[in-house]
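Participant: Each chain, written out:
There are 2 protein chains.
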Amino acid sequence: MKIALIGYGNVGSHLSESLKRAGHQIDVWSAREIVDCPDKISICIHSFIPEIILIAVQDKFVKQISELISEYSDFTGIVAHTSGSLSIDRIVSSRRGVFYPLQTFSIGVEMQYERIPFLIEGEAENAEESAGVVEILMKLAQTISGNVIYADSQIRKAYHLASVIACNFVNYLWGEAWKYLEDNGLRVDILFPLIEQTLRKAESGNPKDFQTGPAVREDLDIIDQHLEMLEDNTALRKIYQLMSESIMQDKLNNK
Amino acid sequence: MKIALIGYGNVGSHLSESLKRAGHQIDVWSAREIVDCPDKISICIHSFIPEIILIAVQDKFVKQISELISEYSDFTGIVAHTSGSLSIDRIVSSRRGVFYPLQTFSIGVEMQYERIPFLIEGEAENAEESAGVVEILMKLAQTISGNVIYADSQIRKAYHLASVIACNFVNYLWGEAWKYLEDNGLRVDILFPLIEQTLRKAESGNPKDFQTGPAVREDLDIIDQHLEMLEDNTALRKIYQLMSESIMQDKLNNK
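Protein sequence lines correspond, in order, to chains D and V. So the first sequence is residues 420 to 674, counted in the working numbering. So the second sequence is residues 420 to 674, counted in the working numbering.
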């Protein structure tokens with residue numbers, strides 16, 4: 420397929436690579452250029468003639484870009500964004516969609532595309548045409564991933580929120596643990612087998628059944644000792660306290 | 420070697436299995452029986468004649484068990500505990516040690532023992548004998564793991580604190596994310612590729628360099644939307660707020 424991709428950040432650059440590898444023709448357009456010089460949109464569209472325009476820019480610019488496309492061109496193909504948290508109606512187009520890869524992208528970091536879940540949504544003037552938009556976007560996603568599902572905006576937002584908790588916040592805790600070890604001249608790789616095993620257990624069932632550590636044992640001596648060790652680290656100390664309280668409260672609630 | 424193991428909880432039962440598999444003779448003693456009937460200690464020691472007694476009980480009982488061994492027997496071998504957070508001096512013995520597997524154990528969950536880091540410490544009446552205790556415990560650990568390091572009590576406590584943050588707290592977040600998805604009738608496995616990729620990135624460098632999500636983008640609209648979605652979940656809402664603030668503050672500090 421011929422796909423125009425707007426935005427070349429973490430998501431855009433990865434999508435461009437993988438779509439090209441799957442045999443699609445990709446034309447990457449700069450979001451800045453479109454905003455600064457919207458007259459170019461029509462020229463771009465008439466020279467490349469894309470079937471789909473994917474908007475892979477920061478959430479706050481999606482609406483503006485989509486409005487410019489609608490205003491400055493007669494494009495009749497599908498316009499879709501790639502965001503986890505924006506409703507489909509941020510796109511101004513008679514055939515609009517969402518093409519959301521639930522993954523953390525960093526430029527230069529390789530990944531297994533075939534496992535990335537793609538959450539797809541589509542909307543047009545009637546039910547039949549909407550189904551057509553969904554089908555086209557799902558087929559496109561299936562050329563790069565074996566894990567494509569339909570999800571409306573509400574479901575997608577729920578997955579996105581869960582991923583912020585299970586991935587972004589978790590990554591922050593790892594960053595803090597790494598920093599603590601490095602500040603103390605210690606090795607971070609010592610923790611890898613432990614973390615990997617924790618993940619294996621979490622994937623095999625309910626993490627709450629596998630909760631270990633001082634908080635779930637209600638070992639207040641150790642918790643106090645740890646809070647003392649974090650005396651100079653106000654931010655982490657606060658997180659330690661709140662997480663321990665939450666784990667203890669959770670245990671109490673489930674008794 | 421002949422090893423007496425006191426305690427048959429998560430750590431005790433796993434250690435017993437893996438030490439047996441490595442060819443050691445293991446006699447498991449019940450902590451409760453020792454406390455209720457300390458006269459039995461001497462009988463147990465004289466019938467089994469262990470070279471090492473490993474105390475794998477809850478932290479708060481370690482001191483008491485070790486005192487009973489010292490009081491009710493003439494044992495001259497090594498007495499070691501298996502705790503991450505207790506100082507070596509909780510053991511009352513002229514040859515004492517720590518034999519700490521940095522891992523999360525759950526009864527019935529298999530694991531790769533050869534990768535588990537064992538943190539070893541030893542102490543006796545003089546430097547030479549101390550080194551001897553360390554050597555014996557390290558050799559014992561090496562029969563079940565290829566990842567054995569020496570760590571004094573302070574270093575071990577730092578690793579333990581880091582593991583609480585990077586593993587126990589992380590597991591709690593996963594439990595909350597799973598619960599949120601299940602409460603909304605959604606699939607948890609959708610998140611697995613994302614989490615695995617986050618871990619791969621964290622292990623390849625500094626997680627702080629790979630931080631993604633609304634907080635690090637300072638996307639207050641999405642943060643507000645998420646806080647609203649968590650309106651009925653006071654505990655998770657509080658964590659969401661604190662984690663997001665911490666990530667934003669961290670970014671500010673590192674600018």
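Watch out, some of these pointers could steer you wrong.
Copies of the same chain look alike in the list, so a pair counts if it works inside one copy or between any two.
Listed below are the simulated PhoX-like cross-link pairs for lysine-lysine, each with C-alpha atoms no more than 20 angstroms apart in a straight line [said to hold, decoys possible]:
hint	residue 1	residue 2
1	674	576
2	627	598
3	627	576
4	670	598
5	576	598
6	670	576
7	421	482
8	657	479
9	657	627
10	558	459
11	674	598
12	558	439
13	479	576
14	459	674
15	670	558
16	576	421
17	459	421
18	439	479
19	439	674
No lab work stands behind these hints: they were computed from the structure.
Participant: So, for every hint listed, does it hold in this structure?
Facilitator: Hints, verified against the model:
1. 674 x 576: Neither. Shortest intra-copy (31 angstroms) and inter-copy (30 angstroms) distances fail the 20 angstroms Cα cut-off.
2. 627 x 598: between (27 angstroms within a copy, 9 angstroms between copies)
3. 627 x 576: neither (23 angstroms within a copy, 25 angstroms between copies)
4. 670 x 598: between (29 angstroms within a copy, 14 angstroms between copies)
5. 576 x 598: Close across copies (15 angstroms), not inside one copy (31 angstroms); limit 20 angstroms.
6. 670 x 576: neither (28 angstroms within a copy, 25 angstroms between copies)
7. 421 x 482: neither (22 angstroms within a copy, 71 angstroms between copies)
8. 657 x 479: For residue 657 and residue 479, the Cα distance exceeds 20 angstroms both inside one copy (31 angstroms) and across copies (25 angstroms).
9. 657 x 627: between (22 angstroms within a copy, 19 angstroms between copies)
10. 558 x 459: Cα proximity of residue 558 and residue 459: none, with 29 angstroms in one copy and 71 angstroms across.
11. 674 x 598: between (35 angstroms within a copy, 16 angstroms between copies)
12. 558 x 439: For residue 558 and residue 439, the Cα distance is within 20 angstroms only inside one copy (15 angstroms; across copies 54 angstroms).
13. 479 x 576: The answer is within: 16 angstroms in one copy meets 20 angstroms, while 44 angstroms across copies does not.
14. 459 x 674: Neither. Shortest intra-copy (63 angstroms) and inter-copy (35 angstroms) distances fail the 20 angstroms Cα cut-off.
15. 670 x 558: neither (45 angstroms within a copy, 39 angstroms between copies)
16. 576 x 421: neither (28 angstroms within a copy, 57 angstroms between copies)
17. 459 x 421: Classified as within; 18 angstroms inside a copy, 81 angstroms across copies.
18. 439 x 479: Neither way: residue 439 and residue 479 sit 27 angstroms apart in one copy and 60 angstroms across, limit 20 angstroms.
19. 439 x 674: Neither: 53 angstroms inside a copy, 35 angstroms across copies.
Hints 1, 3, 6, 7, 8, 10, 14, 15, 16, 18 and 19 from the earlier list are contradicted by this structure; the remaining hints agree with it.
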